[in-house]
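Modelling step: build the complete structure from the supplied sequences, incorporating the hints.
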Amino acid sequence: MDGQTIVGIAVIAAALAVLTGLVLWCRRRIERIARKGFGSARAIEKDLDGGG
Amino acid sequence: MADKPSVSSELARDLSLFHVTMMGLGMMIGAGVFIGIGMTMNRVGAGGVLMAFALNGVVAVFTAMSFAELSSAIPRAGGAYNFARIAFGRGPSFLAGWMEWFASAVAGSLYAVVFALYTLRYVLNGVAGMGLTDHQLLIGTKILAPLTALAFVYINYRGASETGRVGALFTLGQMAFMGLIAVAGIVVAVAQPDRLANFHPFIKHKDNNWAMMLTAMGMIYVAFEGFEVIAQAGDETIDPKRNIPKAMLYSVLIVCILYVAVSFATVAAIRPGTHIDGVKVDAVEWISTRGRNADGETGFGEAIERMMPLGGLVVTLAVIFSATSALNATIYSATRASYALGRDRMLPGFFSKISPRRKTPWVALLFTGAIVVVVAALLPTKDVAGCASMMFLFLFLLVNVCVIKVRTNMGDELSYGFVMPLFPLFPILAILIQVVLAYAIVHASWLAWVIGPGWIVAGMLVYLGYSRRRAVATADEIAVLEEHPAPPGEQYRVMVAVANPANALQLVANTHHLCAAKAARVEVLHMVPVPDQVSLTDAQDYMAAGKEGVIEMMMSLGLAFPISTTIRYCRNIARGIVSAVRQKRTDLLIMGWQGRAHSGLFKLGSKVDPVVERCPCHVVMFKNCGGGRRYGRVLVPVAGGPNAAFALEVACILADPDEGQVVAFHVARSVGAFDVGGFLAGHADRLPLPAGRVTGKAVVSDNVVGAILAEAAGYDLIVLGFTREPILYRLSRQTIPETVALRCDKPLVMVKASAGLRSWIRRWV
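Going down the list, the protein sequences come from chains A and B.
Going by numbering that gives the first Met the number 0, the residue at position 45 of the first sequence is 44; the numbering climbs one at a time, nothing skipped.
Going by numbering that gives the first Met the number 0, the residue at position 699 of the second sequence is 698; the numbering climbs one at a time, nothing skipped.
Since the hints were derived computationally from the structure, they do not count as laboratory data.
Note that the coordinates shown come from a computational prediction; the quantities given were computed from them, not determined experimentally.
Be a bit skeptical, because a hint or two may be false.
Partial chain B-side listing against chain A, Cβ under 7 Å, derived [claimed, not checked]: (1) L54; (2) I237; (3) K240; (4) D411; (5) S414; (6) Y415.
Where a beta carbon is used, it is the ideal one built from N, C-alpha and C, also for glycine.
In structure tokens:
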């Protein structure tokens with residue numbers, strides 16, 4: 000396996016990992032917001048930042 | 000009062016998370032992936048195809064996050080059209096809906112043609128062995144494609160539930176066949192590892208590999224378009240604030256993984272050294288030169304046919320399922336876009352007519368079906384599909400701009416079910432990348448840049464000639480129940496917001512003074528909050544409770560000033576007030592404040608903070624100012640800036656005109672930090688009191704709040720300017736004016752001066 004192939008596979012794996020991570024991160028935020036109640040963007044951001 | 004739409008029925012709300020996810024998947028997995036694999040492989044090689052799909056998935060999820068955030072805050076039918084309307088107004092939103100309608104309809108035509116072509120080719124030539132020529136197949140396709148489109152128009156007419164279920168059925172079918180292909184590819188690669196030699200070189204060697212990669216990504220980005228159709232289902236989805244964002248994100252993740260897997264299977268399908276038609280072929284070279292123009296359009300299908308038993312049938316079924324589910328979703332999307340245009344009178348009102356029996360917008364569906372059928376029957380598909388892709392890119396770009404504008408300007412007014420992390424990083428990245436991808440499409444189809452702008456110009460003409468004069472005002476979550484307009488005239492406009500009718504009369508005297516000083520006309524606004532669970536038809540019951548206070552205020556002020564009243568139903572008082580201020584073009588908003596924060600999230604209260612932050616006008620807020628007396632000694636803590644100057648002006652208006660004294664008070668942490676005398680001299684021309692009765696005072700103290708409160712003990716009224724610290728600073732701590740306002744038990748007025756764009760920039764910088 001040459002260097003170009005290794006880099007290519009790493010790029011694909013990283014892209015899929017980023018994509019999956021973003022979707023899971025967003026899903027977690029959606030669930031947290033739904034639990035705590037919908038609200039303004041600022042209120043939600045403050046709430047999420049405070050709660051992790 | 001704005002003309003109201005004549006829609007009498009609401010859309011049925013019966014689509015679940017599963018249904019809307021399948022809807023997005025059905026539209027995304029269309030013809031793009033089937034032609035994209037071979038065409039991309041020609042440019043970037045076997046591994047490059049996988050990279051292009053994986054990277055495109057990341058780019059697509061950036062835009063999906065924007066759609067998800069906006070859809071959670073504005074869950075109504077119309078998608079990008081509604082987002083653009085709320086962010087930028089009627090003109091851009093009309094163009095968004097106009098482009099979305101055409102792009103979706105033409106994409107539907109493409110899918111109908113693909114369906115017809117593959118079906119006829121496999122059934123008539125493959126199974127029946129009729130040996131039809133290309134010309135005969137073309138004629139058959141042009142007959143079958145419109146019939147297919149008509150069939151799906153009828154399915155859409157049957158209603159949302161049937162649409163979602165039929166779409167879900169077809170999407171499940173296509174995913175099953177695509178999954179089968181992906182699994183078969185992995186199995187043969189494991190069983191015969193020598194097939195992995197097709198991945199060498201991983202990326203095709205060209206002069207500029209990364210430029211080629213961007214071009215490839217641009218060409219196959221159309222395969223990721225489709226999740227936006229989920230936004231169109233806002234009116235029909237169960238728990239839309241939660242399910243629509245999830246469905247968008249899930250669909251992008253699922254198709255990205257599926258595309259990468261299917262691309263892998265395509266590369267692994269041809270064993271190295273295979274002889275086809277007696278010639279030893281290089282697999283990647285062979286796949287990427289299939290099709291009439293040797294550009295790899297049919298490389299995917301022809302490769303898979305050789306990989307597995309019944310490969311031709313599997314490919315044909317996969318294409319049939321994909322094309323039909325995409326056709327179903329595009330007709331749905333185009334219909335909803337034109338329905339929204341009709342609902343808001345951007346197009347004639349009959350576009351918004353809903354079938355009493357089926358609950359579907361049948362006129363919009365009829366016109367959409369006509370476009371799909373005509374295009375499928377008459378026009379060439381490749382360049383029109385490129386045109387549709389280009390307009391989808393424009394739409395996505397617009398939506399990414401919208402999400403920034405909406406969050407920035409209306410983030411406190413809307414109720415969000417999802418807010419994206421690291422805002423605004425992802426929409427900015429998406430905008431930049433989409434510009435690059437649009438550039439790539441130019442090189443793929445120059446005709447797209449003729450047809451696309453032509454449709455947009457036609458839309459502009461329709462807007463200027465028809466829509467601009469007839470469009471109705473947007474009334475998201477707000478409805479005017481009763482309105483008495485003021486006599487016409489271009490005077491200074493003062494709005495008095497009455498949230499608690501019991502306190503209305505406390506505002507009368509001070510409102511009178513301010514209106515007299517400005518020779519203003521008065522708008523009395525009473526917002527009636529109604530819970531989400533209560534329908535608009537029951538709002539009258541809530542309105543009655545507050546009517547007396549408003550009537551009394553009308554009687555008190557109506558003798559001296561032109562006055563109008565509005566009683567409105569709303570879901571959120573703050574949002575309702577800000578919307579009314581914008582709609583009425585108010586110059587000054589007057590409101591009362593009880594003097595305590597109601598929630599830990601807000602410094603001065605959930606009604607006060609958003610109004611002060613978002614209102615595009617001057618704001619004056621009274622606390623403990625009832626009784627109607629004029630004030631003898633007025634203290635104005637100042638530290639420079641427009642709010643302090645406006646506070647000084649308001650203090651002079653409220654002070655006793657005969658004996659009142661106004662003191663501009665500055666607390667400095669060091670001597671000479673602020674020139675109070677210079678500040679007064681700079682604003683002397685706007686102060687209605689004689690110069691001798693407006694004096695300055697400065698003290699040095701490390702405890703600014705304590706010094707102001709101590710000084711306030713000797714005064715009748717305190718007038719404070721709101722802070723002009725940036726939002727992020729204010730979120731992290733309580734500011735000096737807020738602390739003084741909360742701790743001061745004297746009559747107190749807080750003011751904010753409108754500063755337009757300068758204010759907007761300053762809030763963030």
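These are the hints, each one checked on the structure:
1. L54: At 5 Å from the nearest chain A Cβ, B:L54 passes the 7 Å test, so the hint holds.
2. I237: violated, 13 Å
3. K240: Holds - the Cβ of B:K240 comes within 7 Å of chain A, reaching about 6 Å at its closest.
4. D411: Interface hint status for B:D411: holds (4 Å vs cutoff 7 Å).
5. S414: With a closest approach of 5 Å, the B:S414 hint holds.
6. Y415: holds, 5 Å
In summary, the one numbered hint that this structure violates is 2.
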